[in-house]
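Given next are the chains, with one letter for each unit.
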Amino acid sequence: MKTKLVSLLAGAVILGSATMASAHFQMIYTPEMAMTKGGKIPVKLVFTHPFEAGHTMDMGKPEQFFVVRTRGENAPKRKDLLDTLKPITWTSLTNSGKAWDTVYQARGGDHALCLIPEPYWEPADSFYIKQNTKVIVNVGGEPGAWNEPVGLPTEIVPLAKPYDRWTGNVFQGQVLLNGKPVPNAEVEIEFLNHKPLLDSNSFAKDGEVEAPQDSFVLQTIFADENGVFTFGIPRAGWWGFAALDLDPDYQYKGKKCSRDAVIWVQAKDMK
Amino acid sequence: MLLKTSVVTATLLLTATISQAHTPLCSCFDNGDETITCEGGFSDGSSASGVTMRIETPDGSVQLEGKMNEDSEFTFDKPKGDYVVMFDAGEGHKIKVPGKEIVE
Chain X
52 MKTKLVSLLA GAVILGSATM ASAHFQMIYT PEMAMTKGGK IPVKLVFTHP
102 FEAGHTMDMG KPEQFFVVRT RGENAPKRKD LLDTLKPITW TSLTNSGKAW
152 DTVYQARGGD HALCLIPEPY WEPADSFYIK QNTKVIVNVG GEPGAWNEPV
202 GLPTEIVPLA KPYDRWTGNV FQGQVLLNGK PVPNAEVEIE FLNHKPLLDS
252 NSFAKDGEVE APQDSFVLQT IFADENGVFT FGIPRAGWWG FAALDLDPDY
302 QYKGKKCSRD AVIWVQAKDM K
Chain S
6 MLLKTSVVTA TLLLTATISQ AHTPLCSCFD NGDETITCEG GFSDGSSASG
56 VTMRIETPDG SVQLEGKMNE DSEFTFDKPK GDYVVMFDAG EGHKIKVPGK
106 EIVE
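The listed protein sequences correspond, in order, to chains X and S.
In terms of the numbering used here, the first sequence is residues 52 to 322.
In terms of the numbering used here, the second sequence is residues 6 to 109.
No wet-lab data here; the hints were simulated from the structure.
Certain hints may be false.
Below, a list of computed lysine-lysine pairs in the DSBU-like style, where the Cα atoms sit at most 30 Å apart [what the hints assert, rightly or not]:
| hint | chain 1 | residue 1 | chain 2 | residue 2 |
| --- | --- | --- | --- | --- |
| 1 | S | K99 | X | K91 |
| 2 | X | K128 | S | K105 |
| 3 | X | K91 | S | K101 |
| 4 | X | K130 | S | K72 |
| 5 | S | K99 | X | K128 |
| 6 | S | K101 | X | K88 |
| 7 | S | K101 | X | K128 |
| 8 | S | K85 | X | K91 |
| 9 | S | K99 | X | K212 |
| 10 | S | K85 | X | K322 |
| 11 | X | K88 | S | K83 |
| 12 | X | K306 | X | K112 |
Here the structure is a predicted model, which is why all the values come from computation and not from measurement.
Model the full structure from these sequences, guided by the hints.
Set out below in structure tokens:
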């Protein structure tokens with residue numbers, strides 16, 4: 052009986068989520084993940100629905116925003132970037148939301164930009180969402196420790212360089228909670244379908260592709276027993292991977308809080 | 006027998022060194038305080054520590070010579086005139102960085 056009720060409730064939750072055409076993705080955006088030369092790069096933190104450039108949520112002041120730079124065999128260097136963030140307003144196709152930006156000076160190697168946001172209260176779902184997010188920018192082609200965990204409480208560790216994928220390659224990642232793999236983790240995937248316009252802090256009006264049906268807006272896959280997921284990348288551009296609700300009992304301010312982990316990949320066409 | 010083993014070991018060591026080398030990489034940055042820092046490495050992530058660095062005039066005369074430090078970095082005072090940075094990890098593993106392309 053109890054099991055039935057739980058199943059029914061679970062069903063209700065699934066239905067509730069399913070009615071939303073697209074999911075939340077925390078973005079750390081900069082135009083180029085694989086830079087030829089170092090220099091100053093613009094970085095935008097936006098919490099949005101990327102495929103449809105839809106509703107953009109108000110971000111609070113992040114709890115942490117930092118970079119871990121690794122180059123070759125050198126020891127990792129961590130630098131706090133929280134105080135460099137400036138508040139901006141990001142305009143989606145349907146609204147505008149509070150977001151953040153900064154400029155980061157990148158030299159050679161891997162730069163893992165890491166964000167621990169303030170949990171976001173989602174009234175539609177009646178729970179908080181906290182998406183710890185990582186984007187790895189590489190300068191000059193010299194790798195660092197891109198395949199090592201940074202140590203975020205929830206984290207996707209890439210098993211392929213997120214910045215060197217050709218269109219058609221697979222991307223693999225391992226989902227971790229407190230450094231341990233999360234078996235069978237649910238991973239949502241969205242394509243960044245509307246180009247971010249950095250000068251106006253908004254999305255381009257026209258999308259690159261049209262989804263034939265809602266399933267294609269937000270794709271869902273599951274990790275295996277080791278928390279490893281695999282996804283074939285069908286198109287050049289930015290792809291977001293969000294592993295959801297990795298700690299189901301977690302609460303924030305007495306309410307349920309979905310602890311998620313997000314990573315982004317930028318694929319390029321062979322031409 | 007002993008000799009044979011030594012030869013095999015030497016070959017293995019040699020192979021290991023070669024397979025780690027891959028593409029040499031060197032990027033230089035202007036530190037904004039009249040110094041330049043060059044960062045070296047290889048495309049497989051191996052260290053460039055100890056690699057010879059030369060600062061040359063455009064006609065090839067050597068102004069300064071040194072080595073990449075343990076972090077595969079080499080910092081030098083910014084020359085007044087035109088210059089070229091040479092990263093020299095041996096034949097086929099050299100990189101030339103013109104001074105005028107070095108920015109912050």
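Right, here's what the structure says about each hint:
1. Distance restraint check for S/K99 and X/K91: the Cα-Cα separation of roughly 27 Å lies within the 30 Å cut-off, and the hinted pair is therefore satisfied.
2. Our distance criterion of 30 Å between C-alpha atoms is met by X/K128 and S/K105, whose separation comes to about 29 Å.
3. Of the supplied pair hints, the one linking X/K91 and S/K101 holds, its CA atoms being roughly 23 Å apart against a limit of 30 Å.
4. A threshold of 30 Å between alpha carbons decides the hint, and for X/K130 with S/K72 the separation of about 27 Å falls inside it, so the pair holds.
5. Taken as a hint, the S/K99 and X/K128 pair is honoured in the structure, with Cα atoms around 28 Å apart against an allowance of 30 Å.
6. Distance check on the hinted pair: S/K101 and X/K88 sit about 15 Å apart at the alpha-carbon level, within 30 Å; holds.
7. Proposed proximity of S/K101 and X/K128 is supported: the alpha carbons are some 27 Å apart, at most 30 Å.
8. For the given pair, S/K85 sits about 25 Å from X/K91 by alpha-carbon distance, which is consistent with the 30 Å threshold.
9. A distance of roughly 26 Å separates the Cα atoms of S/K99 and X/K212; the hinted pair therefore holds under the 30 Å criterion.
10. For the suggested pair S/K85 and X/K322, the alpha carbons sit about 42 Å apart, so the restraint of at most 30 Å is broken.
11. Taking the CA atoms of X/K88 and S/K83, the gap is about 19 Å. The hint holds against a cut of 30 Å.
12. With a C-alpha separation of about 20 Å, the suggested pairing of X/K306 with X/K112 holds against the 30 Å cut-off.
When the structure is compared with the earlier hints, a violation turns up for hint 10 alone.
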